[in-house]
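Engineer: Sequence:
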Amino acid sequence: AAMSLARRVADEVDCQLGTKVGYCIRFEDCTAPETVIKYMTDGMLLSEAARDNLLEHYSIIVLDEAHERSIHTDVLFGVLKAIAKRRSDLKIIVTSATIDVTKFSKYFLNAPIITIPGRLFPVEIFYNDDPKLDYYEASIRRVLTIHRTQPKGDILLFLSGQEEIENASDIIEQMSRATREALELMVLPLYSALPSNMQAKVFEPTPEGYRKVVVATNVAETSLTVDGVVYVVDSGVVKEKTYDPRTGIESLDVSSISQTQANQRSGRAGRTAPGKAYRMYSKAVYDKMKPTQDPEIIRNELASTILQLKALGVHDIMKFDFMDAPDRQALQRGIRSLQLLEALNKEEILTELGRQMTQYPVEPPLAKVLIKSLELGCSEEILTITAMLSAQHIFSRPKKKHLEADISKSQFDVPGSDHLSLLKVYNMWVDGNMSRKWCHDNFIQHRRLQQARSVRNQLCSVLARRNVEIVSCGKDTDKVLQALCYGFSENIAVLYKTSGMTWKGRATYKTAVDFRDVSIHPSSVLFRYEAEWVVY
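In this text, residue positions in the sequence shown follow full-length UniProt numbering: the first is 1, and each later residue adds one.
Hints listed in this document are in silico derivations from the structure and should not be mistaken for laboratory results. Possibly wrong hints are sitting among the right ones.
[Unchecked claim] Simulated pairs of lysine-lysine, DSBU-like, Cα-Cα distance not exceeding 30 Å:
hint, residue 1, residue 2
1, K288, K103
2, K346, K400
3, K38, K81
4, K103, K20
5, K497, K409
[Stated by the list, open to error] Label-pair ranges, simulated between beta-carbon atoms:
hint, residue 1, residue 2, range
6, P291, I470, 47 to 57 Å
7, A531, E124, 38 to 48 Å
8, P398, D321, 32 to 42 Å
Just so you know, even glycine gets a beta-carbon here, dropped at the ideal spot from N, CA and C.
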């Protein structure tokens with residue numbers, strides 16, 4: 001959203017992006033000394049606050065889409081509230097179409113409330129009362145039905161995540177080619193990890209003779225407006241991180257949206273003309289939805305957040321002024337994780353290692369891995385592995401080519417290590433001139449490798465600013481594994497039962513920290529390799 005908004009505003013003020021108007025996101029800074037309007041993610045503003053605890057470079061800070069309540073935004077609320085008490089000249093503007101304004105005003109010391117009426121066209125809402133179809137299939141069918149039966153106008157389809165979006169985009173494209181309609185379908189995915197040049201296509205005018213279908217995550221609920229959308233198809237689901245502080249397990253689950261999110265999605269159909277919203281769930285299901293979504297800070301793992309707060313000078317995390325305080329057990333577990341990483345000492349004070357870790361825009365365990373790789377002489381390899389882990393879903397597995405894709409993937413297997421396997425993929429891609437065809441032939445997603453390369457370049461920039469030399473360990477990959485062990489010492493498991501001892505035929509491991517039973521995922525190179533110890 002930061003990139004897209006900056007590009008739009010740069011166009012409107014008639015300047016080159018990165019000059020008067022710029023943006024700053026994780027791994028990418030497109031600003032200059034003359035920049036006066038800067039769009040940035042909440043995480044990047046927090047990083048700046050760690051370096052400049054009064055944010056003196058800014059006179060006005062606008063926190064948009066405050067209702068989304070990301071972890072970084074919630075921390076920013078507390079940080080900016082404290083800064084405002086020390087800087088009377090700083091103006092803080094909190095904006096949203098759906099927040100509980102009274103709650104926010106009270107939190108910000110009874111700040112004044114300004115209501116700006118919006119102009120929305122009427123939106124007709126239709127519910128799906130047929131429980132036989134799941135939301136995914138029902139959503140795809142509805143898009144194709146709209147295209148076949150409804151007048152001109154673009155379609156916005158909300159799905160849960162990246163993989164689902166890409167698969168649905170392919171299916172809609174293939175099925176639309178099988179029919180002859182007055183308008184051709186132009187299917188465009190939209191999610192946060194999509195490269196900026198591909199995101200930009202979504203906002204270009206729809207060519208004559210075409211109907212645009214944007215298949216998006218919840219990034220299109222409020223952050224971005226796609227002109228020309230007349231029809232919205234709402235699957236009713238979103239992919240959210242959840243965290244259990246008792247077990248320390250964080251998972252990414254598909255869950256039901258809230259009523260606020262449902263209304264935001266429907267409203268996207270009425271931005272420029274009267275529209276129609278098709279909800280792939282019944283009215284009864286809508287009535288049972290939560291009024292608003294839970295803030296991330298009460299359902300996510302908190303080690304990274306605590307490390308940021310320590311870097312900001314917050315000594316007693318338990319007394320930090322959260323708008324909605326997270327579970328005390330989750331905070332204690334986060335503190336313990338940082339102590340195991342040696343980022344905090346026994347008195348919960350930030351160590352020199354912890355201070356170094358805050359300079360890397362990655363999770364604390366990976367930050368420690370990077371730092372240790374400098375000592376061990378394997379930073380070249382660890383930079384690549386860290387970047388590949390951030391890209392995710394490197395391999396594709398098309399429905400009708402599962403066996404072919406699995407065989408292709410096996411050629412990259414390095415016995416005993418998924419991390420070294422990812423390193424092998426990246427190095428072979430680079431050696432092959434970063435070929436798109438090579439990726440296609442090997443069932444590898446070219447966009448993911450491009451993303452990994454971008455992340456790697458940014459991490460290299462961090463090391464360059466510190467005048468650190470990047471060194472390769474060559475064939476001595478034990479150094480790589482040693483560095484990984486330093487960062488993931490909390491994630492160690494020991495073989496408990498061999499595959500022959502379990503009814504599913506899968507080896508069982510015991511985690512070293514809390515003695516939970518776990519098994520290796522089938523996609524891992526370790527699935528059929530019964531190592532005595534594993535680090536995950």
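Engineer: Now look at each hint and say whether the structure bears it out.
Structural biologist: A quick look at each hint next to the structure:
1. With a CA separation close to 23 Å, the supplied pair K288 and K103 stays within the 30 Å bound.
2. Annotation: proposed proximity of K346 to K400 is violated, straight-line Cα distance about 54 Å (limit 30 Å).
3. Annotation: proposed proximity of K38 to K81 holds, straight-line Cα distance about 21 Å (limit 30 Å).
4. Between K103 and K20, the direct Cα distance comes to roughly 35 Å. Violation of the 30 Å bound is thereby established for this hinted pair.
5. Taken as a hint, the K497 and K409 pair is honoured in the structure, with Cα atoms around 27 Å apart against an allowance of 30 Å.
6. One distance hint, 47 to 57 Å for the beta-carbon pair P291 and I470, holds here, with the actual separation near 51 Å.
7. Checked against the given bound of 38 to 48 Å, the beta carbons of A531 and E124, roughly 58 Å apart, lie outside it.
8. Between P398 and D321 the CB atoms are about 50 Å apart, so this pair departs from the stated range of 32 to 42 Å.
In terms of the numbered hints stated before, the structure departs from hints 2, 4, 7 and 8, listed from lowest to highest.
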